[in-house]
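*Asks:* This is what each chain is made of:
Number of protein chains: 2
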Amino acid sequence: MIFQDATISEIDQVLQESWKAFQVYRKTTLKQRADLMRAIAAELEATGNQLIQVAMQETNLPEARLKNERARTMFQLTSYAAACEAGHWLEARIDTAVPAESQPDLRKMQVAIGPVVVFGASNFPFAYSTAGGDTASALAAGCPVIVKAHPAHAETSEIVAKAIAKAVQKTGLPKGVFAHVHGSSTEVGKALVTHPQTRAVGFTGSLGGGKALFDWANQRKEPIPVFAEMGSINPVFLLPGKVRAAAGELAAQLAGSITLGTGQFCTNPGLILGVAGADLDSFVRELGAAIEKTTPGTMLHPGIAKAYTEKRQSALSQDHVETVAIAATAPRENQGVPTVATASAEAFFKNPLLHQEVFGPYSLVIQCPDVATLVKAAQHLEGQLTASLMATDEDLAQHGALVDAAQEICGRLILNGVPTGVRVSLSQQHGGPFPATTDSRFTSVGADAIKRWVRPLAYQSWIDAALPDALKNSNPLGIWRMINNELTQAEVKS
Amino acid sequence: MIFQDATISEIDQVLQESWKAFQVYRKTTLKQRADLMRAIAAELEATGNQLIQVAMQETNLPEARLKNERARTMFQLTSYAAACEAGHWLEARIDTAVPAESQPDLRKMQVAIGPVVVFGASNFPFAYSTAGGDTASALAAGCPVIVKAHPAHAETSEIVAKAIAKAVQKTGLPKGVFAHVHGSSTEVGKALVTHPQTRAVGFTGSLGGGKALFDWANQRKEPIPVFAEMGSINPVFLLPGKVRAAAGELAAQLAGSITLGTGQFCTNPGLILGVAGADLDSFVRELGAAIEKTTPGTMLHPGIAKAYTEKRQSALSQDHVETVAIAATAPRENQGVPTVATASAEAFFKNPLLHQEVFGPYSLVIQCPDVATLVKAAQHLEGQLTASLMATDEDLAQHGALVDAAQEICGRLILNGVPTGVRVSLSQQHGGPFPATTDSRFTSVGADAIKRWVRPLAYQSWIDAALPDALKNSNPLGIWRMINNELTQAEVKS
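Protein chains in written order, with our numbering: chain A, 4 to 497; chain X, 4 to 497.
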């Protein structure tokens, strides 16, 4: 199915309608927003098999994965709805007046920032797309959402958008709370980001794409925040004690993580670093053996398959890079063939290409002379979504410098686990220093994602009747608030 | 006293030392940081009269004001120290493992972002300068600070810097936790902002200055956040009922606020908007009478006095702008003469110069035909630190659209009060939509200012012994944490 790119005037109309809807939507109660989000989850479920079939056709992802991803997307909507209602994200603060010191009554809470433009990801047609985490968190915050459909799964996006529109209608909210536009040209993206009524942008995709949005947003007369998640090679550091104790187990764990979903995850472990020697040799051997036994998978679309083939080829052909193993089964058209290579630390430090992302089932093992070089390698790396340490308790105690260096470059630090698999919970940090994301201070997964779409507003000497419920003396929402520097659910004694 | 500009290689050395100190300082306990901040406050006090005398000479500010400002600066340090120790800003979150769903243990907290470069303000030699709010909040967060002295009060800055260095030494922390450099050229500023080890920037000053830092920071290979507070005209909306009831009172209140500190506050009310008619006429008459009775004050430095004279002249000479009143006493050299003018709404909408900041004791009264035009004017305005509504309860109930429009453009919404006077407390929001600041999502006053210098870090499947204290099962800090979505001070049952 072919969808026409939105024109500049259509985009303007969409944003004007979003802005109008914002005036109503930002005043909705937390319960109204949560009801909308739960209604979207219900409509998503109601799309039944049709949505799954269309998505299978557009993305080549298997049915079971897509069903799981839809369930996860519904969980995001309902769990962020619960967080929305719990109201911690409002960060309500009250400092009562101190007349003796001429200090006025001052109260503060988070308020919605305005219309949010969302660019979905190709590799998560549901969870990071049309009704995904960006949309769910923005709706919780009180912001209307404009989604630009990903051209690689535009029909899937269209079906999801219709489900959202139905939920908006059923909950009696203005139509402009959600809008959906198509666009395969950069002009559509640029027009959305630079429109004066756009107040923030969410994006999941490539470094080139995310950085372009970031630059457009900062060049506006009035710059706006862009939350772009742009990929990562998710280094895994193997500490000597652990490799000695569990080389085979580590190899199996990592082979599974490298090839999961044909490696098409932003949390794919693309770089493994260890200390050269017999133990690492045995790990590499076992990893190679495991990779050989895996089978190539069909990638999301021909463009991604082509990019994988080219980048993999380029990586393997670098000086001092040795291929360790390639899946024995030959790949068919548009398939990505699982591959593991290895290189010395020296080559790694010299050649920046060795720490570029090869999006797909590929990983590179760097052999360092010692742990100090592992630390140096960590310090040498760009910002990452995750960093993993495979370590015994003794390794950890001995090599604190590596823990420090790894924490400096990532948003999530994993011990004895693989980076793939992103728990959707409040403690999640899916975000990291640039270039993993454009803003390491926020997460795109977990209910803290709501914080991306709000800003604080203080009310000075306001009368109780005109205050938002979150700040009223009687605490009608029953939320936790900081009152005169104490956290409490109590009301304010007037 | 003349201070040499720091050279590029000196700046590099300073940042390298900051980075080294960061590795130690970010691991300090909350108590260690709070102790440092309290030690700085004590050293500031110990500067005694010498500091005040030097600051008087450099800034032309009166003794009483400077003594007050130093006391405020000490209060900032000690109150942010208390907030640092209370630990709410750590936003500790724990989601325990759910083995049945293969969900790992996940814990998250805010960690220090790294070395922070601070550019102080000319108009607050203490509270927004060397040991001011940016420095205090960054130290609380665990970040080393590099202050670029404001050239207009470089010696004051030097004395304060020495006091801080003494406190750093007395508390046994690495010297690099605080650095102080001089620079009157833009090269120094640019070198500081673009240095690879710089992780964030705080600035208080002009739109031109702040925007330049923002652009440099975004053009870096690795963009970093800039928190620039860049001024504001702080619109005051007079609602009809209130003007009818209290024209004289409003005039006295506003005349005081316009001329306070010779108008050299970023919260100075530079724009007053009311509904034309007999009531507003009487307000304007009384405001004029009050302004005539005020006396010119000596401005911070000749550059600011010159800029005021020119911008004021330019504002008064615009078509359809009528001068209402000028202080009767003639100004001496470098003095700013209190001035109030008036214009029609029509002129205001046509001429953007009428909503540009005239930094000094100047305000413009806009006469609107009706409240709907007040709303339109609010929607027309750029982002502001504050907006004030002078309104009876009835006015408020009747004119909700004005409340909505005013809230959209500001960070602090004031009822029946003037914008000058910024309470230092957790509920304060000193920040607003661009161009008031570069990031409306953060405040530069109140303990929430700490949040500017941190980013979240998640620990997955980490062993208790290796977790930071804030996330340990036993909750050794006794802080409030979100455990499995519930706010509690309890320990985690393992």
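No lab work stands behind these hints: they were computed from the structure.
One or more hints might be untrue.
[Unchecked claim] The calculated DSSO-like cross-link candidates involving lysine-lysine, where the alpha carbons are at most 30 Å apart (straight line), are: (1) X:Lys193 x A:Lys193; (2) X:Lys178 x A:Lys30; (3) A:Lys214 x X:Lys224; (4) X:Lys178 x X:Lys224; (5) X:Lys224 x A:Lys314; (6) X:Lys496 x A:Lys379; (7) A:Lys296 x A:Lys214; (8) A:Lys34 x A:Lys309; (9) X:Lys23 x X:Lys475; (10) X:Lys454 x A:Lys34; (11) X:Lys353 x A:Lys454; (12) X:Lys169 x X:Lys23; (13) X:Lys314 x A:Lys454; (14) A:Lys23 x A:Lys169; (15) A:Lys309 x X:Lys224; (16) A:Lys224 x X:Lys475; (17) X:Lys34 x X:Lys193; (18) X:Lys70 x X:Lys224; (19) A:Lys23 x X:Lys379; (20) X:Lys23 x A:Lys353; (21) A:Lys178 x X:Lys496; (22) X:Lys214 x X:Lys30; (23) A:Lys214 x X:Lys214; (24) A:Lys454 x X:Lys165; (25) X:Lys314 x X:Lys296; (26) A:Lys30 x X:Lys169; (27) X:Lys30 x A:Lys193; (28) A:Lys454 x X:Lys169; (29) A:Lys23 x X:Lys296.
*Asks:* The structure should be examined with respect to each hint, and the outcome stated for every one.
*Replies:* Verification of the hints:
| no. | hint | verdict |
| --- | --- | --- |
| 1 | X:Lys193 x A:Lys193 | holds, 29 Å |
| 2 | X:Lys178 x A:Lys30 | violated, 50 Å |
| 3 | A:Lys214 x X:Lys224 | holds, 11 Å |
| 4 | X:Lys178 x X:Lys224 | holds, 29 Å |
| 5 | X:Lys224 x A:Lys314 | holds, 23 Å |
| 6 | X:Lys496 x A:Lys379 | violated, 37 Å |
| 7 | A:Lys296 x A:Lys214 | violated, 38 Å |
| 8 | A:Lys34 x A:Lys309 | violated, 46 Å |
| 9 | X:Lys23 x X:Lys475 | holds, 27 Å |
| 10 | X:Lys454 x A:Lys34 | holds, 28 Å |
| 11 | X:Lys353 x A:Lys454 | violated, 37 Å |
| 12 | X:Lys169 x X:Lys23 | holds, 19 Å |
| 13 | X:Lys314 x A:Lys454 | violated, 39 Å |
| 14 | A:Lys23 x A:Lys169 | holds, 19 Å |
| 15 | A:Lys309 x X:Lys224 | holds, 28 Å |
| 16 | A:Lys224 x X:Lys475 | violated, 46 Å |
| 17 | X:Lys34 x X:Lys193 | violated, 34 Å |
| 18 | X:Lys70 x X:Lys224 | violated, 43 Å |
| 19 | A:Lys23 x X:Lys379 | holds, 15 Å |
| 20 | X:Lys23 x A:Lys353 | holds, 24 Å |
| 21 | A:Lys178 x X:Lys496 | violated, 47 Å |
| 22 | X:Lys214 x X:Lys30 | violated, 33 Å |
| 23 | A:Lys214 x X:Lys214 | holds, 19 Å |
| 24 | A:Lys454 x X:Lys165 | violated, 39 Å |
| 25 | X:Lys314 x X:Lys296 | holds, 22 Å |
| 26 | A:Lys30 x X:Lys169 | violated, 51 Å |
| 27 | X:Lys30 x A:Lys193 | violated, 42 Å |
| 28 | A:Lys454 x X:Lys169 | violated, 39 Å |
| 29 | A:Lys23 x X:Lys296 | violated, 46 Å |
Of the numbered hints listed earlier, those contradicted by the structure are 2, 6, 7, 8, 11, 13, 16, 17, 18, 21, 22, 24, 26, 27, 28 and 29.
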